[in-house]
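With the hints as extra help, turn the sequences into a complete structure.
First to last, the sequence lines map onto chains C and G. Counting from 1, one number per residue, gives the positions in the first sequence under the working numbering. Counting from 1, one number per residue, gives the positions in the second sequence under the working numbering.
Everything labelled a hint here was simulated from the structure, so no lab data went into it. Predicted, not measured: the structure shown is a model, and the values here were computed from it. Please note that the accuracy of each hint is not assured.
Said to hold, decoys possible - Here are the simulated lysine-lysine pairs, DSS-like style, with alpha carbons at most 27 angstroms apart: (1) G:132 with G:54; (2) C:27 with G:34; (3) C:114 with C:158; (4) G:58 with G:147; (5) G:71 with G:191; (6) C:135 with C:90; (7) G:231 with G:71; (8) G:132 with G:58; (9) C:120 with C:192; (10) C:34 with G:137; (11) C:34 with G:71; (12) G:137 with G:147; (13) G:191 with C:34; (14) G:58 with G:71; (15) G:54 with C:27; (16) C:34 with G:63; (17) C:42 with C:27; (18) G:58 with G:243; (19) G:52 with G:147; (20) C:90 with C:158; (21) C:42 with G:243; (22) C:40 with G:243; (23) G:231 with G:70; (24) C:34 with G:70; (25) G:54 with C:34; (26) G:191 with G:64; (27) G:191 with G:132; (28) C:27 with G:70; (29) C:40 with G:231; (30) C:27 with G:243; (31) G:52 with C:27; (32) C:27 with G:231; (33) C:34 with G:132; (34) C:120 with G:34; (35) G:132 with G:64; (36) G:185 with C:34; (37) G:147 with C:27; (38) G:54 with G:184; (39) C:79 with G:71; (40) G:231 with C:42.
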Amino acid sequence: MATTLCSRAVQKLGWLPCTQSVRHGSKSVTRHRKPVHFLKQKLMALTQYIPPQPAVSERCIIPPSKQVQEESGLTRLLKREVEALFRDNKMVAVFQNNAVTAEDMLQLKHRLMKHGIAVKFYPNQVARSYLSDSKYSNLLPLFIGQNVLLVSREPKVKEMLQTLRTMPHIILLGACVEDALLSRQGVLNYSKLPSLAVIQGEVVGGLSLMTSQTASLLQHHPLQLSRLLQQYVKQQSEGDGGETEGAEAR
Amino acid sequence: MFAFLKTTFLGLTRSSRVTGSLQNQLKLLVAGMKTYEEPPDYSGVVLPERPKLKFINKVPNFKKAKKEMKKLRDIRGPAQTANTFARGQYGIVALGGGYLHWGHIEMMRLTINRRIDPRTTFARWRVNAPYKPITRKGLGQRMGGGKGAIDHYVTPVRCGRMVLELGGRCEFGEVEPILTEVAKKLPFPAKVVSRESLAAMYQEERERELNNQNPWTFQRVVSTNMLGIRKVLSPFDLRHNGKYVGKFRLPGRV
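Shown next as structure tokens:
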């Protein structure tokens, strides 16, 4: 009974395989990699890791996540500046600058400051983010690549173009003059327009054309006036006669 | 005479202007949009009093040194203690088993104490001082005649154990080169980790176990003793699921 109890206790603790290999060359923990029993090699080969392979690769389905970057304080500040720029200045012209040296830029700034035109540099990122939300969204295609903004409170296009005539590498792209978007050609045409006083004079003249003509007519010599009236009556009678003849012929 | 002076003067100015524009090109500053990440906040980090690694004795101070059996099982298998971070942020984790003797420990201590700035970083040991005696017989001695005398002491290190920890007001990029320099010289393969990278490592292992497409795993075959495979395997293979062989860790085993 004691033996049966003991054997039962032993059985409960654990079990060892019936046969164990006795011959072994080295200890279990060695510095070198021990030669592995063939059956164990087979077991290791059978139980290798197989990664999951979906029918369609993940890369084809999942779109690359666009990291939405938060606007930094600097971006917000510059955006406010750009907003103020568009609000306060009547003329905002966009130019492309190709490798302008610092001296040239200084001289240009000096010359333009005399006419009250300021030279502004803003990062494209900031400008585009502002323009896409504002009413000037059509200016977006201009803000690609290296550009300069020339702004002034009064629209002084002619002086601006004159100063920039000596700099062929600063190229006009477009402008927003008094809330009107102008292309390059538009700006050139705008510059060729005469001053406001001249245009106003022309409009007034056009409106008062008829009255001025009649006034000049009446101021002619009375002989000339009588001759004109006779000619007019003759033409009228000829015209009537021609019409009646035409009516009779039909 | 004046004309001559004028021409020379103009010539000089012209040449100087040309060379001036080429040499002293003023920098045209244009506003770019590089936004920088905020630097990390170290306000909660407290540096201990002695930031450098403590000196470790070569020999433990016993009254009577006892010779010990080889007991290579202290190298075998994964580490159950000291396998996570305690106080530091970055550390070296052992990827294999081995013995660290006083030479290795001194190398680590000297390198790290030399390279870290004690005002901003601190380092801590995660291994004990050498306590296991290793005996050696004299040169040319034949087999037999008893066990040899104690030669030196070592610290056993299992796979997965933290060896060193670094922390303080520093980033991983600053600390990595120092730790790799040390990790390369250790007698077992070691890896430089941070808290996040270690957690990621273990997470990846667990994920691999879960998404393994092979229906036959080592654990399944051996625990059920399919084909009587346990005849050629040891009980430790059942415990370690085929990931460890002696002191080595087999990477890629699930």
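Hints versus structure:
Note on residue 132 of chain G and residue 54 of chain G: the hinted pairing holds, with a Cα-Cα distance of about 20 angstroms set against a maximum of 27 angstroms. Restraint check for residue 27 of chain C and residue 34 of chain G: the C-alpha separation of about 61 angstroms exceeds 27 angstroms, so the hint is violated. Proximity of residue 114 of chain C to residue 158 of chain C is assessed by CA-CA distance (about 14 angstroms); at most 27 angstroms being required, the pair is judged to hold. Restraint check for residue 58 of chain G and residue 147 of chain G: the C-alpha separation of about 22 angstroms stays at or below 27 angstroms, so the hint holds.
With a C-alpha separation of about 26 angstroms, the suggested pairing of residue 71 of chain G with residue 191 of chain G holds against the 27 angstroms cut-off. For the proposed pair residue 135 of chain C and residue 90 of chain C, the alpha carbon gap of about 15 angstroms is at most 27 angstroms, so the pair holds. Taken as a hint, the residue 231 of chain G and residue 71 of chain G pair is honoured in the structure, with Cα atoms around 24 angstroms apart against an allowance of 27 angstroms. For the hint linking residue 132 of chain G to residue 58 of chain G, the alpha-carbon distance of about 11 angstroms falls within 27 angstroms, and the restraint holds.
Restraint check for residue 120 of chain C and residue 192 of chain C: satisfied, since their Cα atoms lie roughly 25 angstroms apart, inside the 27 angstroms limit. For the suggested pair residue 34 of chain C and residue 137 of chain G, the alpha carbons sit about 26 angstroms apart, so the restraint of at most 27 angstroms is met. At most 27 angstroms may separate the alpha-carbon atoms for a hinted pair to count; residue 34 of chain C and residue 71 of chain G meet this at roughly 18 angstroms. Pair hint residue 137 of chain G plus residue 147 of chain G holds up; C-alpha atoms about 7 angstroms apart against a cutoff of 27 angstroms.
At roughly 24 angstroms between alpha-carbon atoms, residue 191 of chain G and residue 34 of chain C fall within 27 angstroms of each other, so this suggested pair holds. Restraint check: the Cα-Cα separation between residue 58 of chain G and residue 71 of chain G comes to about 20 angstroms, which is no more than 27 angstroms; the hinted pair holds. Of the supplied pair hints, the one linking residue 54 of chain G and residue 27 of chain C is violated, its CA atoms being roughly 36 angstroms apart against a limit of 27 angstroms. The hinted pair formed by residue 34 of chain C and residue 63 of chain G fails the criterion: a straight-line CA distance of about 39 angstroms is larger than 27 angstroms.
Between the alpha carbons of residue 42 of chain C and residue 27 of chain C the distance comes to roughly 22 angstroms, so the proposed pair stays at or under 27 angstroms and holds. A C-alpha spacing of about 33 angstroms is found between residue 58 of chain G and residue 243 of chain G, which places the hinted pair above 27 angstroms, so the restraint is violated. With a CA separation close to 39 angstroms, the supplied pair residue 52 of chain G and residue 147 of chain G exceeds the 27 angstroms bound. Distance check on the hinted pair: residue 90 of chain C and residue 158 of chain C sit about 14 angstroms apart at the alpha-carbon level, within 27 angstroms; holds.
For the given pair, residue 42 of chain C sits about 15 angstroms from residue 243 of chain G by alpha-carbon distance, which is consistent with the 27 angstroms threshold. Restraint check for residue 40 of chain C and residue 243 of chain G: the C-alpha separation of about 13 angstroms stays at or below 27 angstroms, so the hint holds. At roughly 26 angstroms between alpha-carbon atoms, residue 231 of chain G and residue 70 of chain G fall within 27 angstroms of each other, so this suggested pair holds. Taken as a hint, the residue 34 of chain C and residue 70 of chain G pair is honoured in the structure, with Cα atoms around 19 angstroms apart against an allowance of 27 angstroms.
Distance hint between residue 54 of chain G and residue 34 of chain C is unfulfilled; the C-alpha atoms sit about 38 angstroms from each other, more than 27 angstroms. Straight-line distance between C-alpha atoms of residue 191 of chain G and residue 64 of chain G comes to about 37 angstroms, which puts the hinted pair past the 27 angstroms bound. Of the pairs offered as hints, the one joining residue 191 of chain G and residue 132 of chain G holds, with about 25 angstroms between alpha carbons and a cut-off of 27 angstroms not exceeded. At most 27 angstroms may separate the alpha-carbon atoms for a hinted pair to count; residue 27 of chain C and residue 70 of chain G meet this at roughly 11 angstroms.
Taken as a hint, the residue 40 of chain C and residue 231 of chain G pair is honoured in the structure, with Cα atoms around 10 angstroms apart against an allowance of 27 angstroms. Our distance criterion of 27 angstroms between C-alpha atoms is met by residue 27 of chain C and residue 243 of chain G, whose separation comes to about 18 angstroms. With a C-alpha separation of about 39 angstroms, the suggested pair residue 52 of chain G and residue 27 of chain C falls outside the 27 angstroms cut-off, and the hint is violated. Restraint check for residue 27 of chain C and residue 231 of chain G: the C-alpha separation of about 17 angstroms stays at or below 27 angstroms, so the hint holds.
At roughly 25 angstroms between alpha-carbon atoms, residue 34 of chain C and residue 132 of chain G fall within 27 angstroms of each other, so this suggested pair holds. As the CA atoms of residue 120 of chain C and residue 34 of chain G are separated by approximately 19 angstroms, the hinted pair is consistent with the 27 angstroms bound. Restraint check for residue 132 of chain G and residue 64 of chain G: the C-alpha separation of about 14 angstroms stays at or below 27 angstroms, so the hint holds. At roughly 24 angstroms between alpha-carbon atoms, residue 185 of chain G and residue 34 of chain C fall within 27 angstroms of each other, so this suggested pair holds.
At most 27 angstroms may separate the alpha-carbon atoms for a hinted pair to count; residue 147 of chain G and residue 27 of chain C meet this at roughly 18 angstroms. The straight-line distance between the Cα atoms of residue 54 of chain G and residue 184 of chain G is roughly 21 angstroms, inside the 27 angstroms bound, and the hint therefore holds. Distance hint between residue 79 of chain C and residue 71 of chain G is unfulfilled; the C-alpha atoms sit about 72 angstroms from each other, more than 27 angstroms. For the given pair, residue 231 of chain G sits about 14 angstroms from residue 42 of chain C by alpha-carbon distance, which is consistent with the 27 angstroms threshold.
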